[in-house]
Amino acid sequence: MKKIRRLAIGCAVILPISFSVMAADPIKLGLLEDQSGNFSLAVIPKIHATELAIEEINAKGGVLGRPIKLIHYDTQSDNTKFQELARRLIQTDKVDVIFGGFSSASREAIRPIMDKAKQLYFYNNQYEGGVCDSNVFVTGAVPEQQFSTLVPWLMEKYGKRVYTIAADYNFGQISAEWVRKIVKENGGTMVGEEFIPLSVSQFGQTIQNIQKAKPDFVMTLLVGNLQSAFFEQQAAANLNLPMGSSIQVGQAYEHKRFKPPALKNMYVTPNYIEEVDSPASNDFKKRFRAKYPDEPYISQEAANAYDAVYIYKAAVEKAKSTNMTAVRKAIEGGGICTNGPQGKVCMDPKSHHMSHTIYLAHVKDDHSIEFPKVWNDIKPYWLGEAGCNLAAKADYSQYTPTNPPKK
Amino acid sequence: MGCFNLILLESSGMTIVTTVYSFLYQFGDSFAYLALSALGLAVIFGMMGVINLAHGEFAMCGAYVTILTAKAGLPLPLAMMTGSLAAAGAGAILEFLIVRHLYNRLFDSIVATWAVSLITQQTMLIFAGPSIEGLSTPFHSFELGIYSFSTYRALLPFFAIAVLAALYLLFFRTNYGIYARATIQNAQMAKCLGLRTSRIYSFTFALGAGLAGLAGALYAPTITAVPTMGSSFIVPAFVTVVTGGANVLLGVLPAAGILGLIQSSLTAVLGQLAGQIGLLLTVILMIRLLPMGVGNLFNRR
Chain A
-4 MKKIRRLAIG
6 CAVILPISFS
16 VMAADPIKLG
26 LLEDQSGNFS
36 LAVIPKIHAT
46 ELAIEEINAK
56 GGVLGRPIKL
66 IHYDTQSDNT
76 KFQELARRLI
86 QTDKVDVIFG
96 GFSSASREAI
106 RPIMDKAKQL
116 YFYNNQYEGG
126 VCDSNVFVTG
136 AVPEQQFSTL
146 VPWLMEKYGK
156 RVYTIAADYN
166 FGQISAEWVR
176 KIVKENGGTM
186 VGEEFIPLSV
196 SQFGQTIQNI
206 QKAKPDFVMT
216 LLVGNLQSAF
226 FEQQAAANLN
236 LPMGSSIQVG
246 QAYEHKRFKP
256 PALKNMYVTP
266 NYIEEVDSPA
276 SNDFKKRFRA
286 KYPDEPYISQ
296 EAANAYDAVY
306 IYKAAVEKAK
316 STNMTAVRKA
326 IEGGGICTNG
336 PQGKVCMDPK
346 SHHMSHTIYL
356 AHVKDDHSIE
366 FPKVWNDIKP
376 YWLGEAGCNL
386 AAKADYSQYT
396 PTNPPKK
Chain B
54 MGCFNLILLE
64 SSGMTIVTTV
74 YSFLYQFGDS
84 FAYLALSALG
94 LAVIFGMMGV
104 INLAHGEFAM
114 CGAYVTILTA
124 KAGLPLPLAM
134 MTGSLAAAGA
144 GAILEFLIVR
154 HLYNRLFDSI
164 VATWAVSLIT
174 QQTMLIFAGP
184 SIEGLSTPFH
194 SFELGIYSFS
204 TYRALLPFFA
214 IAVLAALYLL
224 FFRTNYGIYA
234 RATIQNAQMA
244 KCLGLRTSRI
254 YSFTFALGAG
264 LAGLAGALYA
274 PTITAVPTMG
284 SSFIVPAFVT
294 VVTGGANVLL
304 GVLPAAGILG
314 LIQSSLTAVL
324 GQLAGQIGLL
334 LTVILMIRLL
344 PMGVGNLFNR
354 R
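Residue numbers (the numbering used here), protein chains in the order written: chain A, -4 to 402; chain B, 54 to 354.
You may find that some hints are simply not true.
Under the rule of at most 30 Å between Cα atoms (straight-line distance), these lysine-lysine pairs were calculated in the BS3-like manner [to be verified]:
id	chain 1	residue 1	chain 2	residue 2
1	B	124	A	359
2	B	124	A	259
3	A	111	A	55
4	B	124	A	251
It should be emphasised that the hints constitute simulated quantities derived from the structure, not laboratory data.
These numbers come from a predicted model, not from an experiment.
Let the sequences and hints guide you as you build the complete structure.
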């Protein structure tokens, strides 16, 4: 009896203390990223960039006086792990916001979970576009930003016959649909289209199919370590065609991993890569290298992950709260921007996507990079024009050019 | 008119040659990849009854050592030999530390070698980084009609056949081969006759690991060097061994031939996805119709 009374007194003393501690509690940022498995190569720089942004923010006093606490789980390039760990972040850790995700398959695996829990989620990665979801904010570039710049430029320079090879899952399928749409709009022809399962690493037949179709250039939308074998194999077979892509170089730095000239004449439109030589980029690289001197490559997704944390900070400061609805409303009110590695970028209130600086990166014979063109402040225009307006109307869908929002 | 016909004939003749060669090239490419991937697994499974799920990691070891030694200045053929030997060495160590204690415990050996595979991948990721820069494919390319082909890849099927021939000689023309076959047939009896069966087992496991390493070494210039690269060998290896059955030579050769034919024709007509589905469907059919594998058809009973 005495014991119980003591316990009760103890509780009575502790409870108010723990409440006051909670007021100054850190903001809990949950991170789901593939630190191991097939995608780890492209994802590890994202994890480091997120850590860098959090460290910088905490060193300057945090957000609203509260430090950010990172809770990172390794999702092992496995979609079921994504689901399991997303639930854990929401239910057990009760995080204020969730970041991360690399492959579109993993994002689609956890999006319903985020929606069910009304969990604020930042997908800090380039993808195939079209996600119009009240709970999801995207800081990566999308096809309307990357292809509407790249494809017409390549068609002008090399010709109008296009062949697409793409990874056979939602990312590759929808990206290929975008290429098809933009090629057609610009008066070109698709002379071939091939979807490759993620487990394929041998491309002999694909290379012959391309040679038979005689395209002017090849769009490669290949994902994962196995598929990247295409580049060395096409060079060995002397395919010798210009290539275009939204993801190569910027994500998995193939131009650093393959011996020249495997990626000769590859054109990519990332929103950032390490080779970008601007004051903002150089400053970012200096801070990044100071913390992670051995990073093989500071990629496009590293910049997107870094910007995402600062976008969240700006939104929380505007909302003066980490309440998820308040943060969402703050972004939907407009004017949430950050000055990151690619310069100033802003969130679009309608579609929850971000504006980007788009760099046209050309891989030369020796695998060095030149930038023949830079497009400033390219807006994620398509979803808004198609009728997605999250500030006015809640939605939880992914749209494509052939499946736009119903008006 | 006659002249026109001749040109037409000539060009169509050329097209036929090109089409036939391009089909043979694709078939050979498929065959070589299946056969070379499978040999190491087939030796270890066929001779010892161990299902080695760390097979892919031996291939990775072969590829990494090949790339690193070639970059250090070793000529490519020597670098590839070093890669295979390194994998064989790793196999001998694994056999001594783990596999030796799990003979006749099929399921335990599966779990243990799977664990070795996961641990190796993650250790490589942590210590060697997510990737290393690869090599360029040796030799140049040659052209035929509208196609151009990689000379190196055109040679790989012949190399695969040479390796099979060497294995045949090893198992049927050397003392080790006789001892090894005796041990498989009846380990107890072999022991009674004075054979040191444990040594034969170690050597055989190292041989299988070395063959996996050779596959990794030969394909090192053509694929990406990453810690998970073993997974690109493990599926073709298992598919071929399941189709071929436990018999190393009589299994792998026809299995890789049949599967290569199915895969390359399906890929040519319907694309990569159909090729992959075709491979797996064939395996399902084989398990249903010939559960002991193609190789068993050739066994004299």
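Tell me the hint numbers this structure goes against, listed in increasing order. Hint 3 alone not satisfied by this model.
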